[in-house]
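Put chain B on the given structure of chain A with help from the hints.
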Amino acid sequence: MNGASNDMTDSNDSIFEDTPWLDPDATPLLEIQGLSKTYSGRAAVDNVNLAIYRGELFTILGGSGSGKTTLLRMLGGFEPPNSGKILIDGVDMTAIPPYERPVNMMFQSYALFPHMTVEQNVAYGLKKENLATAEIKDRVAAILELVRMPDFASRKTDKLSGGERQRVALARALVKRPKLLLLDEPLAALDRKLREHTQFELMNLQDELGITFIVVTHDQDEAMTLSTRIAVMNEGRFEQIGTPGEVYEYPVNRFVANFVGTINLLETRVVDAADGRVSLSCDATAKELTAHCVQTPPVGSRQWLAVRPEKIFIDKEAPKSADRTVLKGTVLDLGYFGNLSIYRVQLPSGTVLQVSAQNRRRTAKRTLEWDDDVYISWDNASAVLLDE
Amino acid sequence: MSGSITKAGDKRLGWLRRSLLAPYVWLLVFFLAPFIIILKISFADPLVALPPFTALMDWSATGLQKIQVTFDNYLFLFEDSFYATIYLSSIKIAAVATVLCLLLGYPMAYFIARQRPGRRNLLLLAVILPFWISFLLRVYAWVGLLNNRGIINNALMALGIIDQPLPLIYNDFAVYIGIVYSYLPFMILPLYASLERMDLDLHDAAADLGAKRWQVFVDVTLPLSAPGILAGCLLVFIPAIGEFIIPALLGGSDTLMIGRILWDEFFVNRDWPVASAVAVVLLLILVLPMMWFQRLESRQASGSA
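Protein chains in written order, with our numbering: chain A, 1 to 388; chain B, 1 to 305.
Looking at chain A on its own, in the form it has when it is part of the complex (with noise of 0.2 Å):
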């Protein structure tokens, strides 16, 4: 694949190389504004703005029905948007078909061809473009050496299985160098260990050829592994678009909290805010909480104090240090997962919050046991405060 590496850009030695969103100079490479689509009157995507980077790795996460197939159908051109622009390059593409996007796709069901043989799915995009038999020849072997399949070349696409279809449907979009590459929930088909293996698979893939790829997934481990960006989809609109440490780590609101990893959500009250501290009354704790912030809310308001199970600390034992919560409860329920375990401790009001803690040491017998007191507690700055 020479020349691909070309397509990367300009600004490669600015400090954004790595973070391109975050430059205020750079021009994107896709450009969604106001792109809306309905069917039968209900929205399937909502008025939705996006910039995507050359480059970027760019995931759109969402459950089934929040819109995000129907929007990447739209960026292949295999649907008309009701209202709104797309535009790759800063040329609108929102009319051009898709035999003339520079744009190519990779179904969830891969589409791969069964009348044809491995090379002629491969072959067939570049034979549309009318390329000289010579060339077409190189660049489907070139592509099939990259997607490790050269010795599958003469084979029909039936007798291949779940992997090798993914890569052939790899093959067959890469091998017409787009500038933007749409995966449709790309390892779906795969069995666990191999969507592990291949998942890496694509980051190298993408990081050597330099195409920008948006990977469209339900799956948020895929969508944490893969990323230099996620969207988090839901009816239709973005709940947020960061990082996948932001997603996980800041989440803007419980929709978002709630999607990406597990999360415990407390109801509370604002009680006194100052300084970017935080006093909140929570019923379920039955005591007063302090938590950090940024934006300070109103008092009296009603605010989510959101913490994540591996920033709760558990033990027999009530730890000794400021700006910690510490509450005590009692084991509800505990699963054992090998690397770490997952404990459900019950706080006196009623309340389970969930608690995952490493098993740092080797040891057969459980240290905390069903029924067993604990004392449970969080830094106070790695909570997070939401609103509605």
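Calculated from the structure, these hints are not laboratory results.
Bear in mind that the values here come from a model prediction, so they are computed numbers and not experimental data.
All C-beta atoms, glycine included, are put in the ideal place defined by N, C-alpha and C.
Treat the hints with caution; some may be incorrect.
Among chain A residues calculated to face chain B with C-beta under 7 Å, some are [to be verified]:
id, residue
1, G76
2, F78
3, P98
4, Y99
5, N104
6, M105
7, F107
8, S109
9, A111
10, H115
11, Y124
12, G125
13, K128
14, E129
Frame of chain A; chain B shown alone:
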């Protein structure tokens, strides 16, 4: 307890196995046995008697006396170029009608397959609906439409578009109309079946890879519906080639189709042996290319595996 269950299961399986034989029994009784009788008659001599042909085997009290087989009927078919002409003309008419059915049926099947499921069923019902009326009646209705004083000619004359009736009936044109009309559903249904289960992602994928709409059709839709095209063509071509009612009711005196010749040999000339030979040759004309085709296909399938 478990033993009784397996026993019942065995019994049901046995029943199932026996019911799987049903199509073979059907073929044996209603196809193979009549065919053997026809084959037997085709090797006999005509006779003015009842039945109107000689027996192949002469039995007496002491056993089989002699076997008398004649190939005269087949020789007669080959010697008289009249029959060859009729076979060729039948093949031509059936082939043209099949192509017309395909050209008409493909867009219809494609259209139906792309509708919402509810509407799809309604349209399919409309395709099958003519079968609820007798075939003979439906063909006869065309006489009323195409006649010199039929509905079409009357309407055109009343509108002043023509002042002489168009020659719409008793010619090959009317036979084509009859065959295409009667056999179109047999083309549409297998085409629909192959188009309906086609993965639409394949169309999107082809478009995504740079194929224009007509290229998507030529490169993806058409080859993937090939089994439907083949099935539909066979379902139209085979019955059309031996069609009797349509040429008899709508065809002219110069419309030569083997079905009518068969009728004439049986009922007008009462030459059952020649009529049987005509039928056997017709069957061979149909079966031999199909056997060859099937062998070619299976060889191709095993080659690609």
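Going through the hints against the structure:
no. : hint : in the structure
1   : G76  : holds, 6 Å
2   : F78  : holds, 5 Å
3   : P98  : holds, 4 Å
4   : Y99  : holds, 5 Å
5   : N104 : holds, 6 Å
6   : M105 : holds, 5 Å
7   : F107 : holds, 5 Å
8   : S109 : holds, 5 Å
9   : A111 : holds, 4 Å
10  : H115 : holds, 5 Å
11  : Y124 : holds, 5 Å
12  : G125 : holds, 3 Å
13  : K128 : holds, 3 Å
14  : E129 : holds, 6 Å
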